[in-house]
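Participant: If you read the protein sequences in the order shown, they are chains L and P. Each residue of the first sequence is one higher than the one before, starting from 1 at the first, in our numbering. Each residue of the second sequence is one higher than the one before, starting from 1 at the first, in our numbering.
Hints are computed from structural coordinates only; laboratory data are not their basis. Since the structure is predicted, the reported quantities are computational estimates derived from the model, not experimental observations. The beta-carbon is built from N, C-alpha and C at its ideal position, and this holds for glycine as well. None of the hints are false.
Here are some, though not all, of the chain P residues that point toward chain L, as calculated from beta-carbon distances under 7 Å:
#1 21
#2 22
#3 23
#4 34
#5 90
#6 91
#7 92
#8 93
#9 94
#10 98
#11 99
To give an idea of the chain L side of the interface with chain P (calculated C-beta under 10 Å), a few residues:
#12 5
#13 29
#14 59
#15 65
#16 78
#17 80
#18 148
#19 149
#20 172
#21 174
#22 175
#23 176
#24 178
#25 181
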Amino acid sequence: MAATFAFDRDHGTQTGTPTKGTTRNAGVTDTNWKNSDTEATAYTAAPIIDGNNSFENWLFGHFSGTYNQIAAGLFAHTATALGTGLTLKGPPACTGDGDRLLYTTPSTTTNAALTTNMTTVVAIASGVAVSFGATGPEATGKATTMTTNPCYTNYLTTQLQTSGATAGDTATITLTLQYTEN
Amino acid sequence: MLKYLFTAEYEDGSSFVQSQDDVSKLDEKRSQFYDVIQSEKKLVKFYLRSDDKVFSVDLLTGYFNINGIETIVEGDKPVPINNPVYRLIFYRQHQHDFNAESKKETVHRVTYFIGWQTIVDGVNYQSVIGIK
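When you get a sec, could you build the whole thing from the sequences and use the hints?
Facilitator: Right, here's the structure in full:
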């Protein structure tokens, strides 16, 4: 079996303490940025008008299967440059509860908590640190190594911001999550 | 499916062979590596095997072996004493690439790492090889 992995995503009004999305979609299969917070809405049906931001994309990783330990998480934009007028903002490095990103209701307002500028391609080794914890991405108890099963990364939230962008699809960029397990 | 399965060889001549299901006998939520690190027996060698390839680290000498060839990895910091206590390093490093628009995770790379770590006079020394 070994460790198994999936990307999940939260949507909707913030709820609970610590806050999380009203809706949690498991096993999501794209990271399109769009002018909508609805999982099923195609990005082509919700384009971002130049000068505006996308809704935040509240992605996170989810581990199950069998493992002894999950550790050494990193997250980065690793391939293909974004076009002119596009800025990608991402989560701060997370090494514990004190710097984990807290869920807020997705909107197109600039999210000041997304302090990492992910516009430029970097090697994954230069990515932001990712922590892991039980229960969900919102939960306390985040640490850089985790033995609890299942476990989750902190929120790997991104927001695409536009100013002077050309109309049409963006380049297809690559985001990478790296971790170790045994 | 695991590309390489490990075998842990102990000082008493016994061994633990990982299976594809990789479920610990001690805790069904853990992998079989948990059983290895919980064992009180002294580990002397650790192998990774596929159908036609074998990699190992010797925890008595610190030498690696790649398909039958004894291999030394030269590090920045040579261990300053003979016969230190080598502790096993083993993990799989995963990289999940995720593209906008692609409708799927595009790449999942796994690299297997084996090696050793030791501390002498408070200084950490380690040597690790990565196997694609």
